[in-house]
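Asker: Place chains B, C, D, E and F on chain A using the hints.
Listed below are the residues making up each chain.
Protein chains: 6
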Amino acid sequence: MERNDGRKVDQLRKINFIKDFTKYAEGSVLIECGNTKVICNATVEEKVPPFKKESGEGWVTAEYSMLPRATATRNSRDINKLKQNQRSVEIQRLIGRALRAAVDFKKLGERTITIDCDVIQADGGTRTASITGGFAALGIACKKLVEAGLVEENPIKTTVSAISVGIVDGVPMLDLCYEEDSRADVDMNVIMTGEGNFVEVQGTGENGTFSMDELTKLIDLAKKGNEELKLKQLEVIG
Amino acid sequence: MERNDGRKVDQLRKINFIKDFTKYAEGSVLIECGNTKVICNATVEEKVPPFKKESGEGWVTAEYSMLPRATATRNSRDINKLKQNQRSVEIQRLIGRALRAAVDFKKLGERTITIDCDVIQADGGTRTASITGGFAALGIACKKLVEAGLVEENPIKTTVSAISVGIVDGVPMLDLCYEEDSRADVDMNVIMTGEGNFVEVQGTGENGTFSMDELTKLIDLAKKGNEELKLKQLEVIG
Amino acid sequence: MERNDGRKVDQLRKINFIKDFTKYAEGSVLIECGNTKVICNATVEEKVPPFKKESGEGWVTAEYSMLPRATATRNSRDINKLKQNQRSVEIQRLIGRALRAAVDFKKLGERTITIDCDVIQADGGTRTASITGGFAALGIACKKLVEAGLVEENPIKTTVSAISVGIVDGVPMLDLCYEEDSRADVDMNVIMTGEGNFVEVQGTGENGTFSMDELTKLIDLAKKGNEELKLKQLEVIG
Amino acid sequence: MERNDGRKVDQLRKINFIKDFTKYAEGSVLIECGNTKVICNATVEEKVPPFKKESGEGWVTAEYSMLPRATATRNSRDINKLKQNQRSVEIQRLIGRALRAAVDFKKLGERTITIDCDVIQADGGTRTASITGGFAALGIACKKLVEAGLVEENPIKTTVSAISVGIVDGVPMLDLCYEEDSRADVDMNVIMTGEGNFVEVQGTGENGTFSMDELTKLIDLAKKGNEELKLKQLEVIG
Amino acid sequence: MERNDGRKVDQLRKINFIKDFTKYAEGSVLIECGNTKVICNATVEEKVPPFKKESGEGWVTAEYSMLPRATATRNSRDINKLKQNQRSVEIQRLIGRALRAAVDFKKLGERTITIDCDVIQADGGTRTASITGGFAALGIACKKLVEAGLVEENPIKTTVSAISVGIVDGVPMLDLCYEEDSRADVDMNVIMTGEGNFVEVQGTGENGTFSMDELTKLIDLAKKGNEELKLKQLEVIG
Amino acid sequence: MERNDGRKVDQLRKINFIKDFTKYAEGSVLIECGNTKVICNATVEEKVPPFKKESGEGWVTAEYSMLPRATATRNSRDINKLKQNQRSVEIQRLIGRALRAAVDFKKLGERTITIDCDVIQADGGTRTASITGGFAALGIACKKLVEAGLVEENPIKTTVSAISVGIVDGVPMLDLCYEEDSRADVDMNVIMTGEGNFVEVQGTGENGTFSMDELTKLIDLAKKGNEELKLKQLEVIG
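Same order as they appear, the protein sequences are chains A, B, C, D, E and F.
In terms of the numbering used here, the first sequence opens at residue 1 and continues consecutively.
In terms of the numbering used here, the second sequence opens at residue 239 and continues consecutively.
In terms of the numbering used here, the third sequence opens at residue 477 and continues consecutively.
In terms of the numbering used here, the fourth sequence opens at residue 715 and continues consecutively.
In terms of the numbering used here, the fifth sequence opens at residue 953 and continues consecutively.
In terms of the numbering used here, the sixth sequence opens at residue 1191 and continues consecutively.
So that you can see chain A by itself, here it is in the shape it has in the complex:
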């Protein structure tokens, strides 16, 4: 069976990283997953949130937003409604949790790394692209901390990547584009470490429900995808 864009069911879209996409951030990549494009910028600041003060430990947090015209129709900016989009809130919490799993806060020391994920073009999978690209930006920033002698050891303890899987027309598939995602009966985002363990698994029966068997099949596809993403991440971080 072939998908609209000619991919096989277990095939990722073309993944591309542009390193140093912007010049000021401590870590910056543009991640392209097919037509989904996200600017991921990592900022290192010598301060921590109140609950980490005097703990000797650092913190990692993430923010997610879409440009108004990242999508087929224009969405008005959050600031014009004075409310952050609820989907964005959910996504940036997920990105933050995922990336914190990759970091040893003791080794990071009392500093905060903020990962800004700004979607400039959205064709499905923006949250998983943000995690995968966000990890690359985080990794680049941590490497610079080591090189600058600001930390003794690299605080990155494992890679973290994410991919979406889903069941479309009854068929389990890897890396759904928007058109597939909108038709999917089951949609799952699987965030994994480089060792193949789960950081987070979120499966939703968008138009129905799913069984343990389907869950297992989807997770197998996701493992394959995350394995490939890990290699790309290591390459861009260097």
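A portion of the hints provided could be inaccurate.
[To be verified] A few chain F residues facing chain A, derived, Cβ under 8 angstroms: (1) Ala1215; (2) Ile1229; (3) Pro1258; (4) Ala1262; (5) Arg1264; (6) Ile1269; (7) Asp1306; (8) Ile1310.
Since the hints were made in silico from the structure, they are not lab data.
These numbers were taken from a predicted model, which means no experiment stands behind them.
Where a beta carbon is used, it is the ideal one built from N, C-alpha and C, also for glycine.
Answerer: Just chains B, C, D, E and F now, kept in the frame of chain A:
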């Protein structure tokens, strides 16, 4: 092995529903899961959001909030910060998705049912209690719609309940209280239909990561819990 | 003359306090005045607002809110409109002023007691129920401060209770329910100490105006009501 | 006994109205009560709020604000805090209720009169000055409606004025300035019609409580003050 | 050629300053430019914004707002929309920049002067009237600082005034009223020092574009106007 | 005299347009002016704001924002402060006015074109880059309207471009980068049509004031710059 409160690892906390907890809502229950207590009120309104206008279909949505002193220390109200708590945003989106899986929108017709979940006491598992109690309120409201002749057939197509499971001190456990939840290495919320299918699965490695084997064990525990919850729900809806 | 619910014109609705309604607050009661039900939680915090810093004195403040479905039709949450309901603002300022009249701030020391009044069911008189129940929660919290040895003397210097009175169909009445309140020509809230002095008197000619003679009659009724409420309060505080 | 500014206890401050203080409003006065100065502008608009639509009746509402430097120290603007000052909310609700008591909504027809009360200098009694000045602006606007043939009969059914009274150093006094108000044990705002009936009475024991006897004395003082204010109002409206 | 109000093309409207318009501000004037009237209050506070902390230097900032009924139709207050009017934002930034050009921050020392410009009647040219009146209020406040011995030397280093010019019906004109402004093809605000140098020039082709020749003519008119305004300012400051 | 980056005083930075930078917008360019990079997306919508309803005319508006890490240090997002950055407000109003000067609203018909300018990297001149790039996006979108037969004639009536000029170390210069801008005594933004007329001129004496002679020199430099920008714009629009 025995837990702090004497429960077995696969034992739910004492579940209690107080039906008609408030008098104006079309469906109202207080759900008590141990020390976690949530008022779940269902409101039926003869209107739908813009994207459902003239579709002949209805909608189900949920809102979640905690009283300032539902917890050991007082949290200031969202309105005083002019921002909805980000955790609440994430939770109410989850509750809404879960309850929509239970409803046939065609049978509901062009009306909206809003499920308000207001936590008056929080001891872990407030999001799953909100889904389980919210379904009961929804079920009561739908039954009244049938009795009032406003809908021809009951729009409820299946029961939906939710329970948390997690790995604490290396041991998979059912229905974590706050103290267990805060020590858990893995935390998972499993939302299921009465038929035992998944509506949503969200597993997070809070202090680490987890394997497929652990995932499977946790889901088995959740199945047992949800089966018991379903029976309680059917009893209260009547 | 008999009222809709069979009460005499100078008769209170059935008053009921459920002590320790929630478990974390330093003082917690559910007050039921007929069908009006308000959760009153007192929180003690070891801090004071800026204008009390280094004064050696404490502070008492109140917040008031209604659950969306406390009333016959659903009201949207303040946070969704990004504005606190103006009626709630007015009421919580009244509750705060009333309860501060009961407290010796020197004896309280530099700590703040916040009284959260959350209406779960509204059938008229929610602001007076909040004051009467709020005082009970405050009294319980202060008693605990004494028992814990945190204050030398109980900072409560008098009881404070409140009741509504009004003129309905030309007849002065005690403790209006919603239906009576909405028909009232004059509506008055009378807040008194246990000694029978006024803390605050607010009388409004909702559908007209009123005379000194009517004012006097209403205040007499309110005295009777507050005297009964005081006894209930003392009982629940213990 | 003489007061700081040489007034007798039952003497109003110098009252002055500047009619047509601004040129665009349908009714505009600057009211000066001693050093308290409030711009009161009445705007007539051919629309009503939703709850009055197709009722054949009009509406009257009020807004109250202070310039940042109306007081001895500067207060930041509400918009910079994104919250309306809670005291302003309480006051503008009071002004609105008071002025509505003066108007026959049927005669007004389906139009809204908004009274903007902007305090440019505050020396106590800004809420009562706003009501007294606001009524004058309202009266001027209603007179113009009659003159323009937009209403058949003048919708004003009675004058409404307001004055503060209080007990300072044990002495009941009329029309407190800021310095007196800040020392007062009891503070009362009395809003009356031209016929001497009460529209609203709000008495507060700021630093203590008060008795029926004190209440009666204060109200007598307020009657005297409001009688004088009524004459001034009639003069300015013409 | 004569204008609607009888003025010549290079003639200012009648300018009037009322000094000490309010009594609490360190500097206060009401500026009247024809029918445009703005209250300008200068507040001196012994604090500086974060970026000036421990610099030994002060700061000057401005806020601009219009009363709801300053104009022919009523505008709702910013706070009711939870957003500052965008035009007001632009104007208050301009006023702030203009007035900062007049002040030696070293001589001012670590204090902030805030200029509040509240338009009570608007007939064109409110931003230039705010700058011209705001400078007068600033000058009065600085003079008081000298007199009180709080600063050694007057921090005012030059006068700053502003006037609008424009091309209406092809004719360059000085000091446009609202009616002229709304018909203008080119509108320019010119802010100058007493020495005749530019502080800021903002020219806009409202209904078209303009040439260097037109720009030069407009600036000549503005010079004449600002020269006259300077004399008025010096007179009111004294 | 040579500048830090080797440019001559009348030399633009390297200008580059990437057409179709995003795929959904009706017009999309990335404009690069040296290290300043702005995504300019034009969205065409078949609706107009209220004041244009049933006028037969269209509207053009602009929004401006910077990514948090477009600059050397991270700025928090507007939505987290619930206030749009005041500088952004000022800039987006300028962009909107500038681009409206280019469009014949009658020819556009009742539709709105929104130009989103999102700065991904800021090195001075972001507002002029946004206007120059925004015009290109607008031009591309209008061309598509013609090609799609939605409008009869191209509503673009002239090109509009903008450039900054300033006096740095006493020397008038074209196209300031951030480092130059922060040292400039005078800073001017000049917006011109393709015919060499002014759309808007904004000159500010950032650290001082300026004379007519300086103004004239700066405008001459700006003319040269805008002439070059016009050619680039025509090339990218095609």
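Asker: Hint by hint, note whether the structure agrees.
Answerer: Each hint tested on the structure:
| no. | hint | in the structure |
| --- | --- | --- |
| 1 | Ala1215 | holds (5 angstroms) |
| 2 | Ile1229 | holds (7 angstroms) |
| 3 | Pro1258 | holds (5 angstroms) |
| 4 | Ala1262 | holds (5 angstroms) |
| 5 | Arg1264 | holds (4 angstroms) |
| 6 | Ile1269 | holds (4 angstroms) |
| 7 | Asp1306 | holds (5 angstroms) |
| 8 | Ile1310 | holds (6 angstroms) |
This entry satisfies every hint, going by the numbered hints stated previously.
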